[in-house]
Each structure stands twice: as C-alpha cells, then as structure tokens.
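Asker: Model the full structure from these sequences, guided by the hints.
One letter stands for each residue in the lines below.
Protein chains: 4
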Amino acid sequence: MTDFTRVHQEFAKQGLMRLFNAQLVSVAPGEVVIECPFAEALTQHHGYFHAGVLTTLADNACGFAALTHLPSQQTVLSVEFKINFLRPANVPRLIAVGQVLKAGKTLTVCEGYVYAPERQTLLAKMTATMVGVALA
Amino acid sequence: MTDFTRVHQEFAKQGLMRLFNAQLVSVAPGEVVIECPFAEALTQHHGYFHAGVLTTLADNACGFAALTHLPSQQTVLSVEFKINFLRPANVPRLIAVGQVLKAGKTLTVCEGYVYAPERQTLLAKMTATMVGVALA
Amino acid sequence: MTDFTRVHQEFAKQGLMRLFNAQLVSVAPGEVVIECPFAEALTQHHGYFHAGVLTTLADNACGFAALTHLPSQQTVLSVEFKINFLRPANVPRLIAVGQVLKAGKTLTVCEGYVYAPERQTLLAKMTATMVGVALA
Amino acid sequence: MTDFTRVHQEFAKQGLMRLFNAQLVSVAPGEVVIECPFAEALTQHHGYFHAGVLTTLADNACGFAALTHLPSQQTVLSVEFKINFLRPANVPRLIAVGQVLKAGKTLTVCEGYVYAPERQTLLAKMTATMVGVALA
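Chains as they are written, first to last, in our numbering: chain A, 1 to 136; chain B, 1 to 136; chain C, 1 to 136; chain D, 1 to 136.
Rather than coming from a laboratory, the hints here were simulated on the basis of the structure.
Take these hints with a grain of salt, some might be off.
Straight line, CA to CA, 25 Å or less: simulated SDA-like cross-link-like pairs of lysine to any residue [stated by the list, open to error]:
| # | chain 1 | residue 1 | chain 2 | residue 2 |
| --- | --- | --- | --- | --- |
| 1 | B | 102 | D | 101 |
| 2 | B | 105 | C | 47 |
| 3 | C | 13 | D | 15 |
| 4 | B | 105 | D | 48 |
| 5 | D | 102 | B | 41 |
| 6 | A | 105 | A | 48 |
| 7 | C | 102 | A | 119 |
| 8 | A | 102 | A | 38 |
| 9 | A | 102 | C | 101 |
| 10 | A | 13 | A | 47 |
| 11 | D | 13 | C | 18 |
| 12 | A | 13 | B | 88 |
| 13 | B | 102 | D | 119 |
| 14 | D | 102 | A | 75 |
| 15 | D | 105 | A | 28 |
| 16 | B | 102 | D | 93 |
| 17 | A | 105 | B | 86 |
| 18 | A | 105 | D | 135 |
| 19 | C | 105 | B | 136 |
| 20 | D | 102 | B | 87 |
| 21 | D | 13 | C | 92 |
| 22 | A | 13 | A | 25 |
| 23 | B | 105 | C | 71 |
| 24 | B | 105 | D | 90 |
| 25 | C | 13 | D | 93 |
| 26 | A | 102 | D | 41 |
| 27 | C | 105 | A | 69 |
| 28 | D | 102 | D | 15 |
| 29 | B | 105 | C | 73 |
| 30 | B | 13 | A | 105 |
| 31 | B | 105 | C | 70 |
| 32 | C | 102 | B | 134 |
| 33 | A | 13 | B | 18 |
| 34 | B | 105 | D | 13 |
| 35 | A | 13 | B | 41 |
| 36 | D | 105 | B | 119 |
| 37 | B | 105 | C | 18 |
| 38 | D | 13 | C | 47 |
| 39 | C | 102 | A | 18 |
Please read all numbers here as calculations on a predicted model, not as lab measurements.
Answerer: Set out below in structure tokens:
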C-alpha cells in the first residue's frame with residue numbers, strides 16, 4: 001500500500017494544481033479530497049468555473065484515491081473517465097472527492113464528485129478508470 | 001446558424017483559455033480547432049500535459065463546434081463527456097479538434113480528438129453531449 | 001409526477017424484458033429495481049451473463065427511475081450512458097437498481113447498479129442521461 | 001495475432017447472439033461487423049429496437065475487433081463503454097461495426113457504430129475499453 005506521503009509528493013509535482021491554486025485537503029485509504037478557490041482565470045464564457053476545471057479536479061481526486069491502493073513501485077495514469085455536469089458552477093470554491101469503487105489487479109475504478117462549498121450541492125459526477133504503471 | 005464571430009467572442013471570454021495560452025485556430029460549420037503550447041504550468045506528476053488540459057481543450061473544441069449549429073440567441077453548455085487517453089502527452093503542443101456528429105433540436109453530440117503536432121498521433125478521444133440554452 | 005402504474009405498463013410493453021424473463025421488482029419515486037434470472041440464452045463466450053444483459057437491465061432501471069419524475073404526458077428515452085464492469089457476472093441472478101441523481105427540466109441523470117443476489121456484490125456501475133419526450 | 005476462426009468460435013458460444021438471431025457478418029484485422037434483424041422480442045416500450053440491443057451488438061463488435069489484435073492464448077472482456085443514441089431505432093435491421101482505435105499492451109480502445117441498413121444512417125456511437133485476459 002502506498003505511503004500517503006507519496007500522494008502529497010505527486011500532487012506537488014503537478015504544475016497544473018499550482019496554476020489552479022488547488023489544495024490537497026485530505027488523503028485516506030481509497031479517498032482523496034481536493035479544493036480549489038474561484039478565480040477569473042478559471043472561467044468559461046459565462047464567468048463560472050470551466051467544466052475543464054471541475055473535470056481536472058475530479059480526475060486528480062480519483063487518480064490519487066487509486067494511488068492509495070497501488071504498490072509503492074507504481075504510479076497512476078488515467079485510462080478514461082466520463083463526467084456529467086449537473087448544475088452551473090457559479091460558486092466561490094470547488095470541492096472534489098475521489099473514491100475507489102473497485103481496486104483490481106490492473107485497473108482501479110473510481111467515483112468522483114465535485115461539490116459546492118459545505119458539500120451541500122453536487123455539481124458534477126465522474127466515473128474514472130485508472131491504471132497502475134511501473135515507475136520509470 | 002451562429003455567426004462564427006460569436007465563437008471567437010465566446011472563446012475570448014474564457015479566462016481558462018488565456019491561462020492555458022490556448023488559441024482558437026479555425027472555426028467551420030460543425031468543426032472547431034484549438035491549439036495549446038506546452039508549459040510547465042500545464043503538467044501532471046510526470047511532467048507531461050495533464051489529462052485535464054487535454055480534456056479541457058477537447059471539451060471546448062466540441063462545445064464551440066456545437067455552437068456553430070445553434071441559433072444565435074442560444075449559448076452552449078456541456079451536458080457530459082467521456083474521454084479515453086490513448087498515449088502519454090509528452091509533446092510540445094496539443095491540437096484539439098471538435099466535430100459535430102449529430103445536431104438535434106435540443107442536444108448536439110460531438111466527437112473530440114486531441115493530437116500531437118502535425119496531427120500524426122492521436123493522444124485522446126472524446127465523445128461529448130452539448131445542450132443549447134437561451135442566452136440570459 | 002408519473003403514476004407508478006405507467007412504469008409497470010411501459011415495462012410490460014418491452015419485448016426484450018419478456019425475452020430476458022426479467023421482472024420489475026419495485027418502483028419508488030426516483031428508484032426502480034429489476035431482476036433477471038440466469039439462462040443459457042443470456043450468456044457471452046465464457047458462459048456468464050453477457051455484458052449486454054447487465055447493461056440493458058441497468059439502462060431500464062435508470063430509464064424507469066427517470067420516468068417516475070417525468071410529467072404524465074411524457075415518456076423517456078436514453079440519451080447516452082457509460083458502464084463499468086467490475087466483476088465477472090457468473091451468478092444465478094442479476095439485480096439492477098436505477099436511481100435518479102439529478103432531475104432537471106429536460107434531462108435526468110441517473111446512477112445504475114447491477115448486483116449479484118442479496119446485493120452483496122456490485123458487478124457493474126452505470127451513469128445514464130435520460131430525456132423526457134412528449135408522448136406521440 | 002488471433003486466427004479469425006477464433007472470433008467465429010467465440011461468437012458462436014454466446015447464447016445471447018443466438019437469442020437475438022444476430023450474425024457475424026465479417027471479421028478483418030481490427031474490424032468486425034455484426035447484423036441483427038428486427039423482432040418483436042427485441043423491442044423497448046415504443047416498439048423500436050431496445051437501446052440494450054444496439055449496445056450489446058456494438059459491445060460485441062468492439063470486443064471481437066479487439067480480439068483480432070490479441071495473442072491466441074488470450075480472450076477479451078469489456079472493461080467499460082459509453083454509448084450515445086443518436087436516432088430512434090425503428091428500422092428492419094441493425095448493423096454494428098467495431099473498430100480498433102488503439103491496441104495497447106493491456107488495453108484496447110475501440111469505436112463502435114450502429115447503423116440502419118445500407119449504413120446510410122448512424123443510430124448510435126460507442127467508445128469501448130477492452131482488456132485481454134489469459135484463457136483459463
């Protein structure tokens with residue numbers, strides 16, 4: 001099982017998370033939470049959070065949730081995901097939660113949720129397939 | 001049918017496209033192309049383009065391709081999409097192509113492709129469902 | 001809100017449910033359960049339930065769950081869905097549960113689950129987008 | 001590379017294909033075509049082909065297309081797929097085409113198309129992820 005330190009290290013390597021000013025909020029076995037405050041730089045054409053931002057956060061939450069189940073000599077890559085956008089994301093902050101649904105030998109299937117603050121409103125729902133690959 | 005000027009206007013409103021330094025390369029009826037050069041700020045944990053960047057570009061290419069088929073008093077929102085990542089995106093530039101597969105009364109289904117430069121290598125493949133909504 | 005009688009009527013009209021010998025087990029607001037016993041006629045090349053059977057049951061459970069939220073003069077059609085297969089379906093019976101995640105004005109997003117008997121094992125997970133259309 | 005005979009053998013093992021009266025029309029490297037005539041037993045609640053039938057045929061066409069790229073000691077399983085339904089399937093026959101988009105070491109990504117007769121009308125579009133597994 002992966003040391004949670006590795007999740008923090010891998011998160012810190014991602015230029016895109018710094019660009020988004022996103023934070024890794026919590027790491028538990030099979031569950032990772034990421035937050036991201038609103039900024040003009042993260043908007044689509046109506047001034048709300050861009051669907052691509054919600055997707056990126058959910059993808060990362062799912063990927064790092066999968067990583068908590070992988071052996072320490074493996075890293076994680078996204079095979080594919082599907083996401084439904086349920087409500088407009090005109091909110092001051094996004095909370096993305098990734099949870100492992102099924103950890104297999106090769107593939108890990110995860111559920112991703114993107115919430116408005118306080119997790120009272122679900123903005124988007126992802127299902128993602130992740131794969132563990134040997135570290136170079 | 002939407003004036004292509006509107007696609008350029010909507011693209012220009014997106015803070016995220018400026019943050020990514022992405023350019024709208026071409027707009028034709030039912031097809032939009034977007035490019036984005038590599039930057040450290042757009043990376044995942046291996047130093048490649050983040051899956052979220054590929055996804056955002058494909059989502060936009062699909063959404064704006066759908067917009068070319070919408071009446072001028074409507075704008076476009078992403079209902080959902082699914083994307084498969086086919087090869088690692090360690091390339092100097094991404095080219096995202098969105099194409100309308102089926103334009104219906106309410107929903108528009110699009111295919112999105114993310115290529116390495118010269119379009120010789122397909123890095124990711126998206127299918128997206130878009131909806132036209134009345135402008136506020 | 002749709003009378004639950006309509007769900008039973010629509011289910012009864014489906015030739016495919018009779019062919020599968022599937023039963024509508026329960027209908028509640030936003031949740032429908034369908035069961036289907038194993039038969040040689042429902043198998044793939046390893047002799048297990050075919051992925052298409054799991055998918056059909058989940059699609060129907062989701063569609064009829066959506067129908068419980070639609071006005072009585074509308075019927076339901078599948079826009080699209082995505083399904084992950086988590087475990088081999090070598091089981092004596094399938095239980096498909098469809099639940100409404102978000103009921104909008106035009107589109108209803110549902111979660112579908114396919115279980116082995118007693119719902120102790122999740123075999124497949126679907127997310128589906130359904131649309132209400134006026135009855136002819 | 002798999003002998004095409006194996007595709008015919010695996011297809012013939014599927015009870016569900018006999019139940020549907022579906023035929024394996026052609027097998028080529030990375031492309032498989034399956035047809036299925038209309039029957040009352042294959043309908044949804046409007047009397048058209050059920051979405052589950054289109055999906056099953058597309059899943060099989062994709063899976064067997066993937067099988068043509070797998071080593072002879074492996075068989076194929078569906079990891080996941082997503083399908084969009086583009087037009088109502090009130091047609092006398094379905095033609096499902098599966099094509100390999102990317103054959104990797106572990107996973108094969110395929111595109112599936114379901115057409116009305118003569119392939120003049122696209123009814124549904126699938127993207128599927130397939131996995132090769134060692135024969136028992």
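Asker: Next, verify each hint and record whether it holds.
Answerer: Each hint tested on the structure:
no.: 1; hint: B:102 - D:101; in the structure: holds, 21 Å
no.: 2; hint: B:105 - C:47; in the structure: violated, 42 Å
no.: 3; hint: C:13 - D:15; in the structure: holds, 24 Å
no.: 4; hint: B:105 - D:48; in the structure: holds, 21 Å
no.: 5; hint: D:102 - B:41; in the structure: violated, 29 Å
no.: 6; hint: A:105 - A:48; in the structure: violated, 39 Å
no.: 7; hint: C:102 - A:119; in the structure: holds, 15 Å
no.: 8; hint: A:102 - A:38; in the structure: violated, 32 Å
no.: 9; hint: A:102 - C:101; in the structure: holds, 21 Å
no.: 10; hint: A:13 - A:47; in the structure: violated, 28 Å
no.: 11; hint: D:13 - C:18; in the structure: holds, 22 Å
no.: 12; hint: A:13 - B:88; in the structure: holds, 17 Å
no.: 13; hint: B:102 - D:119; in the structure: holds, 15 Å
no.: 14; hint: D:102 - A:75; in the structure: holds, 22 Å
no.: 15; hint: D:105 - A:28; in the structure: violated, 31 Å
no.: 16; hint: B:102 - D:93; in the structure: holds, 21 Å
no.: 17; hint: A:105 - B:86; in the structure: holds, 20 Å
no.: 18; hint: A:105 - D:135; in the structure: holds, 17 Å
no.: 19; hint: C:105 - B:136; in the structure: holds, 17 Å
no.: 20; hint: D:102 - B:87; in the structure: holds, 9 Å
no.: 21; hint: D:13 - C:92; in the structure: holds, 19 Å
no.: 22; hint: A:13 - A:25; in the structure: holds, 16 Å
no.: 23; hint: B:105 - C:71; in the structure: holds, 20 Å
no.: 24; hint: B:105 - D:90; in the structure: holds, 19 Å
no.: 25; hint: C:13 - D:93; in the structure: holds, 20 Å
no.: 26; hint: A:102 - D:41; in the structure: violated, 35 Å
no.: 27; hint: C:105 - A:69; in the structure: violated, 40 Å
no.: 28; hint: D:102 - D:15; in the structure: violated, 29 Å
no.: 29; hint: B:105 - C:73; in the structure: holds, 19 Å
no.: 30; hint: B:13 - A:105; in the structure: violated, 44 Å
no.: 31; hint: B:105 - C:70; in the structure: holds, 19 Å
no.: 32; hint: C:102 - B:134; in the structure: holds, 21 Å
no.: 33; hint: A:13 - B:18; in the structure: holds, 22 Å
no.: 34; hint: B:105 - D:13; in the structure: violated, 42 Å
no.: 35; hint: A:13 - B:41; in the structure: holds, 10 Å
no.: 36; hint: D:105 - B:119; in the structure: holds, 23 Å
no.: 37; hint: B:105 - C:18; in the structure: violated, 33 Å
no.: 38; hint: D:13 - C:47; in the structure: holds, 8 Å
no.: 39; hint: C:102 - A:18; in the structure: violated, 32 Å
The structure is inconsistent with the numbered hints 2, 5, 6, 8, 10, 15, 26, 27, 28, 30, 34, 37 and 39, although it conforms to all the rest.
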